[in-house]
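2 protein chains.
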Amino acid sequence: MAAEKWVYMVTAQTPTNIAVIKYWGKRDEVRILPVNDSISVTLDPDHLCTVTTVAVSPSFDRDRMWLNGKEISLSGSRYQNCLREIRSRGGDVEDKEKGVKIEKKDWERLNLHIASHNNFPTAAGLASSAAGFACLVFSLAKLMNVEEDPSQLSAIARQGSGSACRSLFGGFVKWKMGSKDDGSDSVAVQLADEKHWDDLVIIIAVVSSRQKETSSTSGMRESVETSLLLQHRAKEVVPKRIVQMEEAIKNRDFASFTQLSCKDSNQFHAVCLDTSPPIFYMNDTSHRIISLVEKWNRSEGTPQVAYTFDAGPNAVLIARNRKVAVQLLQGLLYYFPPKPDTDMKSYVVGDNSILKEAGLDGENSVENLQPPPEIRDNIGSQDQKGEVSYFICTRPGRGPVVLPDQTQALLDPETGLPK
Amino acid sequence: MAAEKWVYMVTAQTPTNIAVIKYWGKRDEVRILPVNDSISVTLDPDHLCTVTTVAVSPSFDRDRMWLNGKEISLSGSRYQNCLREIRSRGGDVEDKEKGVKIEKKDWERLNLHIASHNNFPTAAGLASSAAGFACLVFSLAKLMNVEEDPSQLSAIARQGSGSACRSLFGGFVKWKMGSKDDGSDSVAVQLADEKHWDDLVIIIAVVSSRQKETSSTSGMRESVETSLLLQHRAKEVVPKRIVQMEEAIKNRDFASFTQLSCKDSNQFHAVCLDTSPPIFYMNDTSHRIISLVEKWNRSEGTPQVAYTFDAGPNAVLIARNRKVAVQLLQGLLYYFPPKPDTDMKSYVVGDNSILKEAGLDGENSVENLQPPPEIRDNIGSQDQKGEVSYFICTRPGRGPVVLPDQTQALLDPETGLPK
Numbered sequence: 001m002a003a004e005k006w007v008y009m010v011t012a013q014t015p016t017n018i019a020v021i022k023y024w025g026k027r028d029e030v031r032i033l034p035v036n037d038s039i040s041v042t043l044d045p046d047h048l049c050t051v052t053t054v055a056v057s058p059s060f061d062r063d064r065m066w067l068n069g070k071e072i073s074l075s076g077s078r079y080q081n082c083l084r085e086i087r088s089r090g091g092d093v094e095d096k097e098k099g100v101k102i103e104k105k106d107w108e109r110l111n112l113h114i115a116s117h118n119n120f121p122t123a124a125g126l127a128s129s130a131a132g133f134a135c136l137v138f139s140l141a142k143l144m145n146v147e148e149d150p151s152q153l154s155a156i157a158r159q160g161s162g163s164a165c166r167s168l169f170g171g172f173v174k175w176k177m178g179s180k181d182d183g184s185d186s187v188a189v190q191l192a193d194e195k196h197w198d199d200l201v202i203i204i205a206v207v208s209s210r211q212k213e214t215s216s217t218s219g220m221r222e223s224v225e226t227s228l229l230l231q232h233r234a235k236e237v238v239p240k241r242i243v244q245m246e247e248a249i250k251n252r253d254f255a256s257f258t259q260l261s262c263k264d265s266n267q268f269h270a271v272c273l274d275t276s277p278p279i280f281y282m283n284d285t286s287h288r289i290i291s292l293v294e295k296w297n298r299s300e301g302t303p304q305v306a307y308t309f310d311a312g313p314n315a316v317l318i319a320r321n322r323k324v325a326v327q328l329l330q331g332l333l334y335y336f337p338p339k340p341d342t343d344m345k346s347y348v349v350g351d352n353s354i355l356k357e358a359g360l361d362g363e364n365s366v367e368n369l370q371p372p373p374e375i376r377d378n379i380g381s382q383d384q385k386g387e388v389s390y391f392i393c394t395r396p397g398r399g400p401v402v403l404p405d406q407t408q409a410l411l412d413p414e415t416g417l418p419k
Numbered sequence: 001m002a003a004e005k006w007v008y009m010v011t012a013q014t015p016t017n018i019a020v021i022k023y024w025g026k027r028d029e030v031r032i033l034p035v036n037d038s039i040s041v042t043l044d045p046d047h048l049c050t051v052t053t054v055a056v057s058p059s060f061d062r063d064r065m066w067l068n069g070k071e072i073s074l075s076g077s078r079y080q081n082c083l084r085e086i087r088s089r090g091g092d093v094e095d096k097e098k099g100v101k102i103e104k105k106d107w108e109r110l111n112l113h114i115a116s117h118n119n120f121p122t123a124a125g126l127a128s129s130a131a132g133f134a135c136l137v138f139s140l141a142k143l144m145n146v147e148e149d150p151s152q153l154s155a156i157a158r159q160g161s162g163s164a165c166r167s168l169f170g171g172f173v174k175w176k177m178g179s180k181d182d183g184s185d186s187v188a189v190q191l192a193d194e195k196h197w198d199d200l201v202i203i204i205a206v207v208s209s210r211q212k213e214t215s216s217t218s219g220m221r222e223s224v225e226t227s228l229l230l231q232h233r234a235k236e237v238v239p240k241r242i243v244q245m246e247e248a249i250k251n252r253d254f255a256s257f258t259q260l261s262c263k264d265s266n267q268f269h270a271v272c273l274d275t276s277p278p279i280f281y282m283n284d285t286s287h288r289i290i291s292l293v294e295k296w297n298r299s300e301g302t303p304q305v306a307y308t309f310d311a312g313p314n315a316v317l318i319a320r321n322r323k324v325a326v327q328l329l330q331g332l333l334y335y336f337p338p339k340p341d342t343d344m345k346s347y348v349v350g351d352n353s354i355l356k357e358a359g360l361d362g363e364n365s366v367e368n369l370q371p372p373p374e375i376r377d378n379i380g381s382q383d384q385k386g387e388v389s390y391f392i393c394t395r396p397g398r399g400p401v402v403l404p405d406q407t408q409a410l411l412d413p414e415t416g417l418p419k
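Chains A and B, in that order, are what the protein sequence lines are. For what it's worth, UniProt numbering labels the leading residue of the first sequence as 1, then goes sequentially. For what it's worth, UniProt numbering labels the leading residue of the second sequence as 1, then goes sequentially.
Keep in mind that the hints are not guaranteed to be accurate.
You can't tell identical chains apart in this list, so a pair holds if it fits in one copy or across any two.
In silico DSBU-like links for lysine-lysine, alpha-carbon gap of 30 Å or less [as the list claims (entries may be wrong)]:
| id | residue 1 | residue 2 |
| --- | --- | --- |
| 1 | LYS419 | LYS5 |
| 2 | LYS70 | LYS96 |
| 3 | LYS142 | LYS295 |
| 4 | LYS26 | LYS240 |
| 5 | LYS339 | LYS26 |
| 6 | LYS419 | LYS250 |
| 7 | LYS419 | LYS96 |
| 8 | LYS235 | LYS26 |
Read the hints as simulated data drawn from the structure, not as lab findings.
Pulled out of the complex, with its shape left as it was, chain A reads as follows:
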C-alpha cells in the first residue's frame, strides 16, 4: 500500500428499533450478553435513523469520531471492542480509479474517521445508541469488505450497545441470548421483514420529563444486582413470551401481539421498580397514555393499539392499521394538545401526512376535537398542554443500507473531516 493522499469512504443509514419483548439485564457486562431473548420492531429509517460515514486514509494519524457534529472520544471500551472486532475481519479492498489498495493486514494500522448523525434528538430517549452502534459496525463492514452476514455483524454491534444488534435487520427481529461464554451465539436474526405486516402504524409520544433519568446501562446493572423478580422474569416468564410473540408476528395476530407487548413493557418497568433504589422511567403522563389505550382497547372489545415504553417516559404506540392510527392521533391530540401557536407540522413529525387524514391540518383543528366517547372522564381533565413535546408517526421499516449518493456523506471526500 502506497502512502498516497486518498480518502476512501462509505456512508450508511441504519434504523432504530423498539423492543416488544424487553431486554433488561446482562449476564456478562463486558461482552454484553443478556439474561433473556428479546424481540423488536425496526422503525422506518425515513423517520428515525442514524447516518454514519466512515473513512480510511493513510493520511489519518489516529481514529477519530464526530457525533452530531461534535468530536467525541473513542477510548471507551464499547467503541474499542467494536473497532477491534471489525478490524480483525477486514478484507482486501481495491478501488483502481482512486488508487486505493488495502490488504487485509493493513486494517490493523490504518486509522479511521467516523461521523455519525441522528435525524432525531439524541436526548429524546429514542434508542440512539442502538442505531448508532449498528450503523458504525455496518458502515465499517462495508468499508472494510467484511464478509460476515448481518447476524455475525450483530454480535459485534452488540458489544457496543446490546439493543444495537437488533438494528442490523428490518422488520421483526429476535436477539437470541445464546449460551456460549464468548457471546458468539448471542446474535440477532430476522423473524419477518418489514413487508410481512405493513398495516401497522407506529405513533411515538415524546413525553416531557423534568427528572434526570437513570441510564439503561447502570439501571440494568442495579436491577440484576438487587431485583428479586428479575431472574424469575428472565427464566420463567420471557422464554414463553418469546415463543408466543414469534407466533403472533408470524400470524399477524394483533390481539396476541398487543397483549404480549403491553404486559412485557409493564413487567420490565415492574422490575425497575423492584430495583433498589427503585428506578422510575414512566411518569404520570406515561401512565395517562397507558390508561387511555387500555380503556380504548377494552371498549372496542378487541385490541386496537399496543403500547411499549423503553428506559424513559416516551410512549411507543402501535396501531393495528391506518384507520385506527388516525383515531388514536385524534384522541392523543385531544388529551395532549400542543402549546398555543405551535405549528401542527412540528408537533406531529415523521409521516405527518396522517394530519390531513385526521382533519388536523387546518387552523383550530385541535380545539374542535371531541373527546373520544369511550374514554371520557377516565384519564383526567384536558389541561395537559406541554406534557407531550411532540409526536412521531412512523411504521415498521427496513434494515441498514449503504447510501451511494456522495452528497449524503458526512465527511469531506478530500480531507476526511466533517463537512
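For this one, chain A is given, so just place chain B on it according to the hints.
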C-alpha cells in the same frame, strides 16, 4: 329477657395500621385469606383512629349502621360475615342498674345499631377500612361479652377487611397467613408493643391525586389473576423478609427495618405494575418523595428514614428519631410548601408540636427554608405547591381501647340513634 326499653351500648377506639411487609393477594376471596404473611406498625390513635359505638336494644327493629354520620347498608357479605361470627360468640350480659339481661342465645335475634367515625378523611386513602372493621369487631366483642382473645377476634375482623386484623394490636403486628382452609389460623399476633421502639416518628404525606384509584380489593384480585410475578413474590421473597423484619423489629435495627420496608413497598407496587391492565398507585409526587428519601439516606451513609406506600399515592415516612423527623419535615416543606395563605397548623396535623421544633411555627418560616444540601438539584425544582394536600405527624401507637366516657359515644343512650 323482657321487652323493656333499655339501650345498652359500648364505645371503642381502634387504630389504623401501615404494613411494612405488604399484604397483596388473597388465596380465598370469601374468607379473606392472604397469599403471604404481612407485618405492620400500628399508628397512634390520637392522630388516626376510628371510634365506633355499638348498641343493642329490644326496641331496635333491624341492624343499622352509620359511617361518618351517614347511614350505610349492612347487606354486604363483609359486614354480614363479621356480624354472624361475632354474634355466634356472644355471652351472657347483665347490667342490673339498667335492667339489662341478655343471654347468649339472645344475640341471634337482638338487633344492633352501629355508628362509626374516622378522625381523618376517609377519602385520603389511609386504610380507613382496617380501623373500621377492627373497631366494629372489637366494640361488638365488648358489648357481647365475647371471651375470645385479640388474635381470635382478629380472625373475625379479617373477614371484614384483611388488614383490619392487624389493627387489633398496638405496636408491631404480624398477620400470619395460616394454612387451614377455614381461616381459623389466619390471625394477627403482636410482635412488640408500642413502647418497644418509641424513638420512631411517622410523617404521612397525603398526596393530591387527580386519578381515580383502583380499589385494593379489585386491584389485588386482578394481580392474583394476571401478574406472573405475584406468586414468586409470595412464595420466595416474602417468607424470608418476614423473618428478617421480625428480627429487625426485635433488635430495633433501623437500617434493616428501612431496607426491608422500602424494598417491600416497591415490590408491591412492582406487582401492581405487572398486573393486566397495570395498576398505578404511586404518582410523580410519590416518586419525588422516594427520590428525596433515597438520596438523603445515601448521603448520610446510614438509613435515616424508611418509606412505604399503600394502595394510593400517600407516602408514609418513618424517621429513626425525633431529630431526624424535624430535618425530614423541613426538607419536605422545602420541596412541598403549602399554597399561599395556608395556616401551617392545618398543613401539618396530628402531633404538630413538631412545627415549633422545626422552626416552622412563625410567619414566612417556609419561605426561609434552605434546600437540604445533600439533595439539592436532584429531585426537580421547588415549584410543587399543592402536590401534597397536608402532612400528618404521628408515631407507633396502642391497640383498641374501650372509651368509658359516655360523652364520647356516637349514639344517643336513650334512642340508640346517632347524636
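Comparing the hints with the structure gives:
no.: 1; hint: LYS419 / LYS5; verdict: within (18 Å within a copy, 100 Å between copies)
no.: 2; hint: LYS70 / LYS96; verdict: neither (33 Å within a copy, 94 Å between copies)
no.: 3; hint: LYS142 / LYS295; verdict: neither (47 Å within a copy, 47 Å between copies)
no.: 4; hint: LYS26 / LYS240; verdict: both (19 Å within a copy, 26 Å between copies)
no.: 5; hint: LYS339 / LYS26; verdict: neither (41 Å within a copy, 46 Å between copies)
no.: 6; hint: LYS419 / LYS250; verdict: neither (44 Å within a copy, 69 Å between copies)
no.: 7; hint: LYS419 / LYS96; verdict: within (25 Å within a copy, 104 Å between copies)
no.: 8; hint: LYS235 / LYS26; verdict: both (13 Å within a copy, 25 Å between copies)
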